[in-house]
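S.K.: Chain residues, written in single-letter form:
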Amino acid sequence: MEIDIEHKEWPEDNSWRQKLPPGNPFGVPAGYFDDLSERIISGVHFEEIKQADALGGLTVPENYFTELSNNIQSRINIEEASASETEGFTVPENYFKQLSSTIQSRIVIENALANKADTFTVPEGYFDNLSSNIQSRIAIEDALGNDAESFTVPQGYFDNLSSNIQSRIALEEALGNDAESFTVPQGYFEELSSNIQSRVAIEEALANEAESFTVPQGYFEELAGNIQSRVALEEATNAEHNVFAVPEGYFDQLQQNILSHTAEQEAKVIQMPSRSGVVRKLISTAAFKYASAACVAIIVGVAIYVNQAPAGSNHTYLHKELADISTKDLRTYLESQSDATQTERKVIADDVQLDDESLRDALQDYVDAQ
Amino acid sequence: MSASVSDTEILSKFQDEKTRNEAFNLLLQKYQQKIYWHVRRMVVNHDDADDLVQDVFIKIWKNLPGFRSDAQLYTWMYRIATNECITFLNKKKQKNNIPLDDVSYELAESLADSTYLSGDKVQLKLQQALVTLPDKQRLVFNMKYYDDMKYEEISEVLGTSVGALKASFHLAVKKIEAHLLSHD
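Top line first, the protein sequences correspond to chains G and P.
8 is the number of the first residue of the first sequence in the numbering used here; add one for each residue after it.
11 is the number of the first residue of the second sequence in the numbering used here; add one for each residue after it.
Looking at chain G on its own, in the form it has when it is part of the complex (with noise of 0.2 Å):
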């Protein structure tokens, strides 16, 4: 080729390239040159010799060749669609080697499936999982191996549990049926919680009242005998049944004859309740109560005895013994019992005549006195 030296499409500012010495900077081993031909021709010669022994010798798989401008047309686009990408699309590294391996073993795999069809079927997609689903079984495997110590279950489990999850779906179905064995009134889950807040309410606020309200010790037990003795005491005291008869203003003079009476045992004051409801406590002990039962016998036995007694005597049992006993002696008792000021003032007041038949009655008025 000569070289046009008449250069009319350089720029016209070329003087940078005459700086430049000619010639290239790249170098080539000792006799390169020499032998490149020989080893060229070589090159062809065995490109000749795969071409003329292609089909001796050599087998290709069946259907081999019928798939083979798909698979050619696969890797065609396959390459042409990396060729068009200009940035950031890659693909995994000796991708293209392996593929036509998986090619013709996914072939295979649908040809045996193709043959079998009638008599084996796998579901949708599953050998498009199954390498991903291959490794994520042998990571799990790995992780249960590494944890072999940590993680363990009980014998036959596996073994049991489709049956266990089956017995737990029917059982479940079965509450699930029962559902209307059980019912709750209408509203109640609305109300629940109101319901429950007054409760908690109500049962704080008597936890609170404790101490409010309180009963003697042993009270409950006593009651039932108090009830009845203040049952008997209504009945004796009722005016109807009319078997006592008291004297006319007896029960005026009632409260201060108790009094005097129980004045020297220990008196309990009982408060009455108040009107917010609060009931002090009673200081009952069983001596109150023994005196209450006295008074009680004592007003009985007065009033039987004021009844039996007859209207208008004067002749008392202290009056006959007396009428047996002589003046003289009467004089000696008096003197030795009593003071004599004392019979001197009443004889002086009463202005009493000192004979016999007057002591003898100022006696009697005396005794009478009594």
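Do not take every clue at face value.
Within a straight-line C-alpha distance of at most 25 Å, the following computed DSS-like cross-link-like pairs (lysine-lysine) qualify [claimed, not checked]:
1) LYS135/P with LYS102/P
2) LYS104/G with LYS69/P
3) LYS72/P with LYS28/P
4) LYS104/G with LYS105/P
5) LYS104/G with LYS101/P
6) LYS28/P with LYS57/G
7) LYS104/G with LYS103/P
8) LYS69/P with LYS102/P
9) LYS57/G with LYS69/P
10) LYS176/P with LYS160/P
11) LYS72/P with LYS57/G
Taking beta-carbon pairs under 10 Å as the criterion, some of the chain P residues facing chain G (in silico) [stated by the list, open to error]:
12) PHE34
13) ILE68
14) ASN100
15) LEU136
Computed, partial: chain P to chain G, Cβ under 10 Å [unchecked claim]:
16) THR29
17) ASN31
18) GLN42
19) VAL54
20) GLN137
Hint data in this document are derived by calculation from the structure and do not stem from the laboratory.
We put the CB at the ideal spot given by N, CA and C, even for glycine.
Starting from the known structure of chain G, arrange chain P on it as the hints suggest.
M.R.: This is chain P only, laid out in the frame that chain G set:
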């Protein structure tokens, strides 16, 4: 001697099976170095260039029976070599997950590691500037600067219009000039 054999004579001898091998030898003698340097300037590494050169001539051998004389023989051969270089560079980018338009780093590495690299500092600087260019621009510059090919001949090799080639070449010159000045 081989340089005086015309392309027509080579093609006519190649058509005859008896003289086919002789024709091919003549072809090799006449064009092997041109093809080699064309490839070497693109891939930089000698071993890669060696493999590619052999592949190129094997393809020439296979396809020469079907060659039509509507194009010049050497431009046809350059086209095969150019395609092989581009294919090789694209494969290299794919293998190393490099963007398809960014092979300059790989070529710069090859320049630094190349055992068969000599020449003065300016020549090395020029090569360093060239590897920063896109593949097509680098091809245009190499064929224009080193091989002194006309734009019409380059157009036959690359299948690109003359005007686009001129623009590409001028852009490449500007970039190289800027690179040389900035790294002075």
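S.K.: Hint by hint, work out which the structure violates, then give me just those numbers in ascending order.
M.R.: 16
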